[in-house]
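Residue numbers (UniProt numbering), protein chains in the order written: chain A, 1 to 146; chain B, 1 to 1372.
These aren't lab readings, by the way, just hints derived from the structure by calculation.
It is possible that part of the hints are untrue.
Pairs of lysine-lysine, DSBU-like flavour, derived with a Cα cap of 30 Å [said to hold, decoys possible]:
(1) B/1188 - A/24
(2) B/1167 - B/1211
(3) A/97 - A/109
(4) A/21 - B/605
(5) B/607 - A/94
(6) A/20 - B/151
(7) B/605 - A/97
(8) B/610 - A/109
(9) A/97 - A/86
(10) B/700 - B/848
(11) B/197 - B/173
(12) A/94 - B/969
(13) B/47 - B/218
(14) A/124 - B/791
(15) B/158 - B/146
(16) A/24 - A/55
(17) B/94 - B/175
(18) B/1301 - B/1065
(19) B/1211 - B/1149
(20) A/94 - B/610
(21) A/21 - B/611
(22) B/135 - B/117
(23) B/1154 - B/1116
(24) A/24 - B/770
(25) B/700 - A/20
(26) B/1116 - A/24
(27) B/147 - B/1116
(28) A/24 - B/610
(29) A/21 - B/700
(30) B/127 - B/158
(31) A/109 - B/700
Note that this is a predicted model, so its numbers are computed, not measured.
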Amino acid sequence: MVQLLFEDIFILQRIDPDGKKFDKVSRIEARSEQFDMYMQLDINTEIYPMRVGEKFTMVLAPTLNLDGTPDTGFYLPTNRKTLADKFEYVMHGKLYKISEDSSSGQTAKVEIYASFGGLLMMLKGDPSNASNFELDQRLFLLIRKV
Amino acid sequence: MARLEEKLRCTKEPYAEEAGSRRIKSILFSTLSGEEIQKSAEVQVWKSNIYDVTMKPVENGLLDQRMGAANKAGHCTTCHGGFTDCPGHFGYVKLALPVYNIGFFANDLDILKCICKNCSRILLADKARREFLRKMRSPRADATYKKNLVKIIRDKCKVACCPWCGYINGTVKKKAPLSIIHDFSKGLDTNVDEVRKALSHKRDKFSCTPLPAIDPLKILLLFKRMPDEDCELLNLYSRPENLMVTTLAVPPVTIRPSSLVSFSNSSNEDSITGILREIINTNSKLREHLEAGDPPYKCIDTLWAHLQIKVVEYINSESPSVPESTNRGLVQRLKGKQGRFRGNLSGKRVEYTGRTVISPDPNLKITEVAIPVLMAKVLTYPERVSNHNIEKLRERVRNGPTKHPGANFITLPDGTKLHLKYVDRKIAACELRPGYVVERHLEDGDIVLFNRQPSLHRMSIMSHRARIRPWRTLRFNESVCNPYNADFDGDEMNMHVPQTEEARTEALMLMGVQNNLCTPKNGDILVASTQDFLTTSFLITRKDTFYDRPTFSLLCSYLGDAMEAIDLPTPALIKPIELWTGKQVFSVLVRPNAQTRVFLNLTVKEKIYKKNETMCPADGWVYFRNSELISGQLGKATLGNGNKAGLYSVLLRDYNAHAAASCMNRLAKFSARWIGNHGFSIGIDDIQPGERLNEQKSSKINEGYKKCDELITSYSEGQLTLQPGSDAAETLEQQITNVLNKIREGAGDVCMAELHWRNSPLIMSQCGSKGSPINISQMVACVGQQSVGGKRAPNGFIDRTLPHFPVNSKTPAAKGFVANSFYTGLTPTEFFFHTMGGREGLVDTAVKTAETGYMSRRLMKGLEDLAVYYDQTVRNASGGIVQFIYGDDGMDPAKMEGKDGVPLNLDQLFMKVMATCPHQDQGVLSPSEILKMTEERLSRLDTSPEGGCSGGFVKLLRDFVNKRVTLWKNTRRSLNLDEECLENKASCPEERVAANISGISAKQLQVFLETCTSRYQLKKVEGGAAVGAIGAQSIGEPGTQMTLKTFHFAGVASMNVTLGVPRIKEIINAAKNISTPIITATLLSDRDLLLARIVKSSIEKTVLGEVANRIRVVVKSGQPYVSVLLDMERIDSLHMKISADAVQQSILKHPKIKLKAEHVRVIRNDKLKIYAPEVDRSKLQYELHTIKCMLPKVIVKGIPTAERVVISEEKGVYKLAVEGTNLLAVMGTPGIDGCKTKSNHVMEVQRTLGIEAARQCIINEILYTMNSHGMSIDIRHMMLLADLMTYKGEILGITRFGITKMKDSVLMLASFEKTAEHLFNASYSGREDQIEGVSECIIMGIPMLLGTGMLKVRQRLDSIPEFKYQPDPIIS
């Protein structure tokens, strides 16, 4: 079975907080229900439009193989069943930075950054949620609206 | 016949250093005596006609065939050589009477001043003579010392009575050009008066000075009698009579060729021949008269004078004694840019070159240059036939000179040369044998040198590999435009083909493009992507570029010539559809496949960057991690030149030149193809402002105009608050200029915000490929203020700029503010103002080029011979040490990675190490472990000063590690972990997170420290590096780019300092008077404004006129006087502490007012009465008036040279800026911290604080000037320049005077300036040139003794003694 790195349901709070800069890509701000994580994510809204207030499940997985065999790094599209089948929007990228954010209050938060070919994700929350992540990890981001 | 075989060395032959005794070791300059000239000559020339009736050169004429062949048809009868073989032979003319040699005329005069005009001995007593002789002979005496000694001797020789024979000597003077008189009028001889008395009753006026003139004949006799020791005293190398011309050498015919005019019996003669002919004519007439025994004063004097003038003209036709000569004398042949020295000896004409128009070709590699076939067929390379290439060369020979990969000549081993046009090529090809040399056409891969003038730095000539292509232009990759400063608007470039294997190797290794990617000016990358390549990268890395599989694959195929394997990455978007992003294209570009082991790690802030690092909303933070583009839209900062943290710099430093070059090649190819399909153009709609933009612009302009009006009103009402150190008009100007500049800036900002992102000019300005926001705003919104000389448009009419405006109008429009844009069009007045600004720019560029060119030349001549030796010292050609270690740390500026000449960019390096060697499962180190390990590493030999590691670098490294440790501690603290000891990873998830955030593993730290130290050691400057020449180029080249901005605020408004080229010129000239001397003084208690004011008033020059209420003449009963009433209120408010007594003292001290104490009476504390000194009544009024006029200018307080003092404030710290000189007095003023007081006047610093302070001052001032023009130059270059200027103990400017004192070489000085003067002086004192410097070696045509010429390879020729396995037998 796939060992998911993270799974939660988010509520989209804002789109393009700094103004719309790109035609096809928007930056969304979302907050999760279960772990109270804050997320910024670039999404290709041309092919996957999103609106404020929508709820969606987001999953971060190290591989798409359902049996949990690790990703080889080479992408070979096949007809096999994958984890992606259950989701509407799937991105592949790399975790490039983990940092701590001690600016807000005493409880330190950890920020996890990933880049999906230039589409960035920033996930901020409690350190305990970050222990599964490793630097330079290949990540699949899967989204499904609920 | 022996001479016939000894051919002239041909410059064409490749240089092969001759072994042993044949090298020119030194050149001795001296004078030849008449006999010597006669002996070395082949023929006496005395006939004035040149050709006879059959147009054959006359014997003993000027073109006598014994002196060489006169033209191609001629033939030398001395050596039997033709025009090309015979080097020529000298002839001589014996002069009937001696004449002056104009070059030595001043020397003749000086010698005459020192010797007795009766007995020819020197006018020194024996003791003094011996003493001076001893000093002169001292082995430590160098040329300058001797020169000064002679000056002292000359002063000592000003005695009337000869100590040897008692003859009364008068003074020797030069009267009229070319005549020397012996003036007795001031002599002590009393007889003269008697004679004068005796003659006084005579009616005819006799001149009673006996024999005033000394003619050359007399001088010659005097000189001949001088003893040798006396000559030595006067620093004469050879006999003084050689300074006079008795026999004239006639130069060989070859240097003054004669050309026959076809079909007529006349010829065109060289001007030397012409002058010589006149000399011979005059000489023979003179001889006839002499032999006839005519009375001397009749015509002999005129003939003699004529002969003299002709001989002068022969040597120097520009001499003032020669009336309007049209001929070129010998000196004229040598001097000047086209003269022998600079035109033919220092720079020579070469073969195997080409020149044509250049054009771009992105499909070429950066190391390549496309050469047209037409050119390739003319330019050849002599390839020696061997068994390996014989078939290839046979093919070439068969192709011949007309078909491209062909050949032009074959040289056989015996030296015969066959032109392939005239032989049977098939036979020639068959007969080709190893050892033959085939001059084959240029082919792909040959090495050529490529150059564009002006060659301002060494990257202006680089070696490329040839690619033979059709058409007619030279083509190269646009990435290489920068080092050549080339564009394609019709530029032409030159090309040279090295002709030997050695030359090719050296060119490839030292001058190859791939080895010159960086400029030694500051280590910035110079060969980098430009223009379209940047635009492409910018557009393709936009966040919203997505490609599907076919398009992405197509883009990947653009990268190369289908020769490279490409690994397609996983698409960024997998669902709903497969999509790749543009950034992934770039990741592929950097690392196309898994075999390419390039892991690029860097972060760059682009121009568009706003906030939040990688999460920047504008995507301006470029982050590459292990060759994957994580974030950021690429632009000039990443890919362009002039950024040390850029992509190519990092590739070059972390990997090698090849990695950087291949990346550039890929981008060039990709870009050309991509943008060709995508299309990128600009049209009128790109600069059409929108509705909103127009509105905002007009509101901004109205606002600004309103503000200006307010300012003008308050100015005319006199209510403007003045800025420190300026008057009302200046303040108004400054404030209006500020407001107007803000209008344009504001308009620009609006433009940048309002324009659509697809707007081409906007894209170009954002990615940095071309244009700036100002350019866009000028096109779209508002052109802005036009300035002339840094001010608003000046008044060309009376009190107004143009007659279209009211008198004295100061409104923006009337002073050259252009509110329109180029799109809307300018009004006539605006247009006129715009042309004024434009014209200034053009004039400035034209003037600047000449000025900086000369500056560069001087710098080069001054620094050319400085090189690093193998003991790390920097020395000049004669071995004198200029620096003990280059730039204080022995680092090569070209290899510096960090900003401001720091060897390594530790942040980037650390990031790379962390990314390329992840710690994964290895444990991370605790803070104390990290520190321990670092200290351990830093205590080893290669990081100690003995191991060649500077203390500064070790400190840098240690500080960096400490910073990391603090970061690590902070992370641990914020995650509630123990700062020191680590817990088990498995048990504590926080520990894992912390390690991922900023943990360092042992392996990582070790790799980091090892990389740092090993890379540092590789960055040392190499032995033989010509650091001088590079330094000169690095300072000279930026000079050409310095823009108009000549003035700048020195911290305080209204205080200007000279900047730009004029300032650099001042510094390197070591000017005595600089245009804006400023002393920056620090106060002892620098937060006290009152103290600052008091100190200011005690420094600033204050004149009586400024502190006096009134100064008036009082004429009452009794003695009239001038009364002075001091303005005590003002004095107190400025804390000046001036009393009437002090004023009295100041008046008395004034040099021009010659008054005594009793004339200046103090009446009250604030009142003085000044009476005129006793003169008669009539003049009294006048006298008092003069005093009254002079009094206001009497300096009552302050330093007379301190014109103005301005208090500047920065963060509550007050400083004084003193406009003026006298550093010593300022430092000594109470309240000033003398230790922290600086001046920008180099010479004054030297006078006050000494030579070391002056050196630092030179460095600081050049640095400041360069920095304020936004140019970064490695400090090591400036150090070297400053050291050169100061190493003799006094400041020597890089001018003709300074350089003369720095260098010993005559040839070098002669090739610099004042050619003839240096040569004459050298031969007078018998200077010897050792041929060690760069200029001399170039002149002699031998390799110079620096760089690769510094060391010689020696081979042992005698057989190595055989190793014996047992001792020699005792009995053999």
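Comparing the hints with the structure gives:
1. About 84 Å separates the Cα atoms of residue 1188 of chain B and residue 24 of chain A, which puts this hinted pair outside 30 Å; it is violated.
2. For the given pair, residue 1167 of chain B sits about 42 Å from residue 1211 of chain B by alpha-carbon distance, which is inconsistent with the 30 Å threshold.
3. Distance restraint check for residue 97 of chain A and residue 109 of chain A: the Cα-Cα separation of roughly 14 Å lies within the 30 Å cut-off, and the hinted pair is therefore satisfied.
4. Between residue 21 of chain A and residue 605 of chain B the CA atoms are separated by roughly 18 Å; this keeps the pair inside 30 Å, and the hint holds.
5. As the CA atoms of residue 607 of chain B and residue 94 of chain A are separated by approximately 26 Å, the hinted pair is consistent with the 30 Å bound.
6. Proposed proximity of residue 20 of chain A and residue 151 of chain B is contradicted: the alpha carbons are some 83 Å apart, above 30 Å.
7. Taken as a hint, the residue 605 of chain B and residue 97 of chain A pair is honoured in the structure, with Cα atoms around 17 Å apart against an allowance of 30 Å.
8. Of the pairs offered as hints, the one joining residue 610 of chain B and residue 109 of chain A holds, with about 24 Å between alpha carbons and a cut-off of 30 Å not exceeded.
9. Restraint check for residue 97 of chain A and residue 86 of chain A: satisfied, since their Cα atoms lie roughly 28 Å apart, inside the 30 Å limit.
10. Using a Cα cut-off of 30 Å, the hinted pair residue 700 of chain B and residue 848 of chain B is violated, with the two alpha carbons roughly 37 Å apart.
11. Restraint check: the Cα-Cα separation between residue 197 of chain B and residue 173 of chain B comes to about 26 Å, which is no more than 30 Å; the hinted pair holds.
12. Proximity of residue 94 of chain A to residue 969 of chain B is assessed by CA-CA distance (about 27 Å); at most 30 Å being required, the pair is judged to hold.
13. A threshold of 30 Å between alpha carbons decides the hint, and for residue 47 of chain B with residue 218 of chain B the separation of about 28 Å falls inside it, so the pair holds.
14. Pair hint residue 124 of chain A plus residue 791 of chain B does not hold up; C-alpha atoms about 54 Å apart against a cutoff of 30 Å.
15. Taking the CA atoms of residue 158 of chain B and residue 146 of chain B, the gap is about 19 Å. The hint holds against a cut of 30 Å.
16. For the given pair, residue 24 of chain A sits about 21 Å from residue 55 of chain A by alpha-carbon distance, which is consistent with the 30 Å threshold.
17. Proximity of residue 94 of chain B to residue 175 of chain B is assessed by CA-CA distance (about 27 Å); at most 30 Å being required, the pair is judged to hold.
18. Among the hinted pairs, residue 1301 of chain B with residue 1065 of chain B is consistent with the structure: their alpha-carbon atoms are about 19 Å apart, no more than 30 Å.
19. Taking the CA atoms of residue 1211 of chain B and residue 1149 of chain B, the gap is about 41 Å. The hint is violated against a cut of 30 Å.
20. Using a Cα cut-off of 30 Å, the hinted pair residue 94 of chain A and residue 610 of chain B holds, with the two alpha carbons roughly 24 Å apart.
21. Annotation: proposed proximity of residue 21 of chain A to residue 611 of chain B holds, straight-line Cα distance about 14 Å (limit 30 Å).
22. Restraint check for residue 135 of chain B and residue 117 of chain B: the C-alpha separation of about 25 Å stays at or below 30 Å, so the hint holds.
23. Distance hint between residue 1154 of chain B and residue 1116 of chain B is fulfilled; the C-alpha atoms sit about 24 Å from each other, no more than 30 Å.
24. For a cut-off of 30 Å, the pair hint linking residue 24 of chain A to residue 770 of chain B stands: about 27 Å separates their Cα positions.
25. Pair hint residue 700 of chain B plus residue 20 of chain A holds up; C-alpha atoms about 26 Å apart against a cutoff of 30 Å.
26. About 97 Å separates the Cα atoms of residue 1116 of chain B and residue 24 of chain A, which puts this hinted pair outside 30 Å; it is violated.
27. In summary, the hint linking residue 147 of chain B to residue 1116 of chain B is not supported, as the alpha carbons are separated by about 66 Å, beyond the 30 Å threshold.
28. The straight-line distance between the Cα atoms of residue 24 of chain A and residue 610 of chain B is roughly 21 Å, inside the 30 Å bound, and the hint therefore holds.
29. In summary, the hint linking residue 21 of chain A to residue 700 of chain B is supported, as the alpha carbons are separated by about 26 Å, within the 30 Å threshold.
30. At most 30 Å may separate the alpha-carbon atoms for a hinted pair to count; residue 127 of chain B and residue 158 of chain B meet this at roughly 16 Å.
31. Taking the CA atoms of residue 109 of chain A and residue 700 of chain B, the gap is near 45 Å; set against the 30 Å cutoff, the hint is violated.
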